[in-house]
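In order, the protein sequence lines correspond to chains Z and E.
So the first sequence is numbered by the working numbering: it starts at 1 and just counts up by one.
So the second sequence is numbered by the working numbering: it starts at 1 and just counts up by one.
Hints may be right or wrong, so weigh each one.
To be verified - Only part of the chain Z face toward chain E is listed, based on derived beta-carbon distances under 10 Å:
1) A3
2) E10
3) T24
4) D40
5) L43
6) R88
7) D120
Said to hold, decoys possible - Per the computed footprint, the stretches of chain E lying under chain Z, defined by three or more beta-carbons under 8 Å from a beta-carbon of chain Z, are:
8) 16-22
9) 29-38
10) 59-65
It is worth saying that the hints were derived from the structure and are not from the lab.
Here a beta-carbon is modelled for each residue, glycine too, at the ideal position from N, C-alpha and C.
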Amino acid sequence: MHATVRSVIEAAANQDDEICILDTEASPEHLSRGTAQYADAMLCIVEPYYKSLETGRRMAVLARDLGLERVALVANKVRDERELEAVRKFAATHDLEIAGIIPFDEQMPGAERAEASPVDFAPDTKAVVAIGAMARSVAAGNGGSVPSLTPPEAADAAGNGGAPAQPLAVEGS
Amino acid sequence: MKLAVAGKGGSGKTSISGTMCRMLARDGYKVLAIDGDSNPNLALTLGVPAERMNDLPVLTRDLLERSDDGPKLAKSLEEICRTHSLQAPDGVNLLVMAHPQHAGTG
Chain Z
1 MHATVRSVIE AAANQDDEIC ILDTEASPEH LSRGTAQYAD AMLCIVEPYY KSLETGRRMA
61 VLARDLGLER VALVANKVRD ERELEAVRKF AATHDLEIAG IIPFDEQMPG AERAEASPVD
121 FAPDTKAVVA IGAMARSVAA GNGGSVPSLT PPEAADAAGN GGAPAQPLAV EGS
Chain E
1 MKLAVAGKGG SGKTSISGTM CRMLARDGYK VLAIDGDSNP NLALTLGVPA ERMNDLPVLT
61 RDLLERSDDG PKLAKSLEEI CRTHSLQAPD GVNLLVMAHP QHAGTG
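Using the sequences and the hints, build the whole thing.
The following block contains the structure:
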């Protein structure tokens, strides 16, 4: 099965308007078998607590060893400034990029309970909006900006290209 | 662009993968989603009704053939998508990988 995934990824999405997204196995073990070796980038989804961050870091190291061009963390279910700061600190310590910050959002488990796509269940909810903004930025090959918990419109207005993070306005839910 | 999404179980990696696929498809990208998880549920996050999952032909090893550079696909990816993919909302194409616990693979 790992060879099949590898071959499909190798054959996929070479045009500018094509995107191939591989949802990988939950264990980091598949990475050592090279399932993602033909990917251009890997996003390691982490939650803002140590064990999850540490798993993300190990995955990132494996992905870098595979030679992926871009390896970044995405902090998910971030509730407040304090949690975001912990993720930032961890990323800085281990020299990891943060590609996106997705706020904690009760609508996401809600969609799961309803067995629906979040996009259909709650199209305008803050997590969906944040994931959409991150997807666009990653697909366009943008890196280097420091994502924040602020809504994407505000972040866009603040500019990008390695600008320091703006003070955070954490939305109430 | 080929993107791998990884993470611990429960981290939300499938919710994020599926939502990214749908949002990018709405932006006009041609999106191929691949569920490589041994407990495949990307389809649900993409908005495919659960009952349609049962008809989905998973990708098995017999799609591979040997070559000098190691295994490669026996057919073009377009062909494989025609026979093995599921159409999800917004035009997202989904391929689901077979795992050892599926009967007839391994």
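So, going through the hints one by one against the coordinates:
1. Because the beta carbon of Z/A3 sits about 5 Å from the nearest beta carbon in chain E, less than 10 Å, this interface hint is met.
2. Restraint check, Z/E10 versus chain E: the minimum CB separation of about 8 Å is within 10 Å; hint holds.
3. Satisfaction of the interface hint for Z/T24 is found here, the shortest Cβ-Cβ separation to chain E being roughly 5 Å, below the 10 Å cut-off.
4. The interface hint given for Z/D40 holds, since its Cβ lies 5 Å from the closest Cβ of chain E, which is under the 10 Å cut-off.
5. The beta carbon of Z/L43 is positioned within 10 Å of a beta carbon in chain E (closest approach about 5 Å), and the interface hint is therefore held.
6. The interface hint given for Z/R88 is violated, since its Cβ lies 18 Å from the closest Cβ of chain E, which is over the 10 Å cut-off.
7. Interface restraint check: Z/D120 against chain E, minimum CB-CB distance 5 Å, threshold 10 Å, status holds.
8. For the stretch 16-22 of chain E, the stated coverage by chain Z is satisfied: 7 residues place a CB nearer than 8 Å to a CB of that chain, which reaches the threshold of 3.
9. Only residues whose beta carbon comes within less than 8 Å of a beta carbon in chain Z count, and the stretch 29-38 of chain E has 10; three or more means the coverage holds.
10. Only residues whose C-beta sits within less than 8 Å of a C-beta in chain Z count toward coverage, and the stretch 59-65 of chain E has 5 of them, enough to reach three; the restraint holds.
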